[in-house]
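Asker: The residues making up each chain are set out below.
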Amino acid sequence: MKLLICPMNGPRNIDEFQSFGPVPAEPDPDRTADADWSRHLFRAENRRGIVVEWWRHVPSNYFFLAERDLVTNEVVRTFDPSERRDQS
Amino acid sequence: MPLRLLKYGLSRDYPVSGDIPATPDLKPSYDVVIVGGGGHGLSCAHHLAKYHGISRVAVIEKGYLAGGNTARNTTTIRSNYITAEGIAFYKEGVELFETLSQELDFNVMFSQRGQLTLAHTEATLRSFHARAEMGKHLGTRTEVVDQKAVEELVPTLNMDYGGSLEILGGLWHADGGTARHDAVAWGYAAQASRRGVEIHQRTEVEGFEVVGDRVRAVKTNRGRIACGQVLIATGGMNYDVALMAGVELPIRCYPLQAMVTQPLKPWLHTLVSSVSLHTYLVQSSRGEVVIGGGSDPYQLYSTRSTLDMKEHLAEGAVHLFPFLQGVRLLRQWAGITDMTPDYSPIMGASPLANLWLDCGWGTWGFKATPVAGKRMAETIAKGCMPDILKPFALERFETFQLLNEMGATAASH
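First to last, the protein sequences are chains A and B. Under my numbering, the first residue of the first sequence carries the number 1166, and numbering increases by one thereafter. Under my numbering, the first residue of the second sequence carries the number 212, and numbering increases by one thereafter.
Calculated from the structure, these hints are not laboratory results. Virtual Cβ for every residue (Gly too), placed ideally from N, Cα, C. Nothing false has been slipped in among the hints.
Reference excerpt, derived from the structure (chain A facing chain B, CB under 8 angstroms, subset only): (1) 1200; (2) 1207; (3) 1211; (4) 1213.
Distance windows between CB atoms, simulated: (5) 1200(A) to 372(B): 49 to 55 angstroms; (6) 1202(A) to 480(B): 45 to 51 angstroms; (7) 1249(A) to 232(B): 52 to 58 angstroms.
Required output: the full structure, derived from the provided sequences and hints.
Answerer: In structure tokens, the structure reads:
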């Protein structure tokens, strides 16, 4: 059984989580052409390596971020979204 | 008498036929380089050589012939999709399978036994009505059937009357079937090489020489190949290979898992799938029950299996056919699927003038092996896409004209 460490609930069975895919770049609505919206909507990060993803702990409906390797499936770390805002 | 046998063995009248020649030396240039020696690439090579007179073709394959998703899929052939564009394309695919053994002079063991998709909810049944009407309109054999008809089609099914997963009806697709996946690839490879196509196994693409809007050469681990046209048909590797040419495809890679049971006497005479249970079953000609379902729940470049998914598949299978509970699993595996946002493939032109795409086949590519090869060969030979392929072009994402087949694909393949 694979465990994922939820920043709020601690280690839980992977079954309790839902992946929402890589965090996309957020385009500026006032200055984004159609082609860039298309990119934002349809081209998710898929390169081999570590990606930052949105995950949700379903029973508690808590959304958080995870850094995960798309080749080895190793989760480098999970953290609350507020940490990301602090960095940017 | 052994001597009499020897007479035939040594006779020039009965030459030994090797199916697929050994990998030859690479030539400095080819008219067409097909990246990917799976079913799709080989089918394209066959159609180029046989119908368009283009045989200066190299199929280059990183591993061995048809060892990727061609070997890993669960061989569902059907055309009961949702969109008119999708149904028209897959219908041609099913029709090509009907005559494929003759076309290839090789038995691909096509068995058109029909596919039954089960509805456990009224909502699913409503979506089936829409699919059936669209399918009938376009000339496929697709109809909604009631509980009684489901029982007659598959008497061994657990109908779960009164239960939470009661089978309310189904979508019966008489055109559906299966074929032997390896035979399809080998048949195309043998036909193509007989007409001069070179198949280069263990030849890995390391990059593309792009000048302006054209690919000038393909760089491989065995040397550089100048090319007239290039086709990318590399299954789970499509994203990586296209990226080497500077083309970023709207693809995310997910593992897809499947498994087979020990061989049993023939008892399941149709393909059965359940949308709600995310499980489908088919009994192979060897008697093994092939069990598959939806993709893994998150992106990964791995062909590992997980206990979670195998348990899930087993649970669905045992619910539908409770007598399978004591049956043993013989093999289990996974493949990497290249999923598109709308569950439709990406075929045709790329941003580069002589680079063509046969990508985004996700979990549903095997059934299209003949038709994708045929239509991509036509595209490459004529330099433009036929009308039947135009809705599948990469540019549909820029123009927001997606072709949503998610409801007909997720667990049915």
